[in-house]
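**Q** Below are the chains, spelled out letter by letter.
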Amino acid sequence: GQSLEQPSEVTAVEGAIVQINCTYQTSGFYGLSWYQQHDGGAPTFLSYNALDGLEETGRFSSFLSRSDSYGYLLLQELQMKDSASYFCAVKPPGGYQKVTFGTGTKLQVIP
Amino acid sequence: GAVVSQHPSWVICKSGTSVKIECRSLDFQATTMFWYRQFPKQSLMLMATSNEGSKATYEQGVEKDKFLINHASLTLSTLTVTSAHPEDSSFYICSAIPGGPNTGELFFGEGSRLTVL
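Sequence lines, in order, name chains X and U.
Residue 1054 in my numbering sits at position 34 of the first sequence, and the numbers go up by one each step.
Residue 151 in my numbering sits at position 88 of the second sequence, and the numbers go up by one each step.
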């Protein structure tokens, strides 16, 4: 089976940097994705790591260490609109197979 | 990017009735779609994998006779909640993965919020 653990809540100040961690246990691994979900909305894709290392996409960066079964999402220059829930997700190898989502982290950005 | 559309966005129904939710891939063909359910302040839980032209694959603990899934075409999957009860009230979201290079991205519909009275 698959399990992905995240901190339940994080609070950070506008303009600051915040890191959201994800540790996983999977029976197979293909890559780690990150999604953002605002209240009442659907998840939107942020980033994907298939290999170890850092992927940067604007203010958002994501890191993966497969040997440690660990990844994180880094949000820089926080804005109020970044207040949302963030989910890591893993997809096992083999094409169109199911994606498993982490427990989710509720980020609150304060002035 | 690929577009997935879901309808209705929200629905209120009486206990005991059935509700159908549609999920369409608008600009790509999806042989496989996924149905998730999300309760307030919780993560997305996969309910079933919808396969075009064949039976859906349900996750453990999901009643296949209660949550009927039909994937009759390459662009449409439907989820019918039969004999709905208040505990079925939730946010239901479908998703699909287009073909082509793997980017790790799952495309979601807008979601359907079901309230059973």
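Take these hints with a grain of salt, some might be off.
Stated by the list, open to error - Pairwise CB distance ranges, derived in the manner of DEER restraints:
id, chain 1, residue 1, chain 2, residue 2, range
1, X, Thr-1046, U, Gln-92, 21 to 31 Å
2, X, Val-1033, U, Asp-128, 32 to 42 Å
3, X, Gln-1096, U, Lys-77, 17 to 27 Å
4, U, Leu-180, X, Thr-1064, 29 to 39 Å
5, X, Leu-1074, U, Ser-78, 43 to 53 Å
Claimed, not checked - One side only, chain U facing chain X, incomplete, derived with CB under 10 Å:
id, residue
6, His-70
7, Arg-176
8, Thr-178
Keep in mind the hints are simulated off the structure, nothing from the lab.
Each residue gets a CB set at the ideal place from its N, CA and C atoms; glycine is no exception.
**Q** When the nearest CB of chain X is found for Arg-176 of chain U, is that gap smaller than 10 Å?
**A** holds (8 Å)
**Q** For the hint 17 to 27 Å, verify it against the beta carbon of Gln-1096 of chain X and that of Lys-77 of chain U.
**A** Violated, at about 49 Å.
**Q** Next item in the hint list is His-70 of chain U. Is there a CB on chain X closer than 10 Å to its CB?
**A** violated (13 Å)
**Q** Next item in the hint list is Thr-178 of chain U. Is there a CB on chain X closer than 10 Å to its CB?
**A** violated (13 Å)
**Q** Do the beta carbons of Val-1033 of chain X and Asp-128 of chain U sit within 32 to 42 Å of each other?
**A** violated (50 Å)
**Q** With respect to the beta-carbon atoms only, verify the hint that Leu-1074 of chain X and Ser-78 of chain U lie 43 to 53 Å apart.
**A** holds (50 Å)
**Q** Using the beta carbons of Thr-1046 of chain X and Gln-92 of chain U, state whether their distance is inside 21 to 31 Å or not.
**A** holds (29 Å)
**Q** Given a hinted range of 29 to 39 Å, is it respected by the beta-carbon distance of Leu-180 of chain U and Thr-1064 of chain X?
**A** At 31 Å between Cβs, range holds.
Against the hints set out earlier in the document, violations occur for numbers 2, 3, 6, 8.
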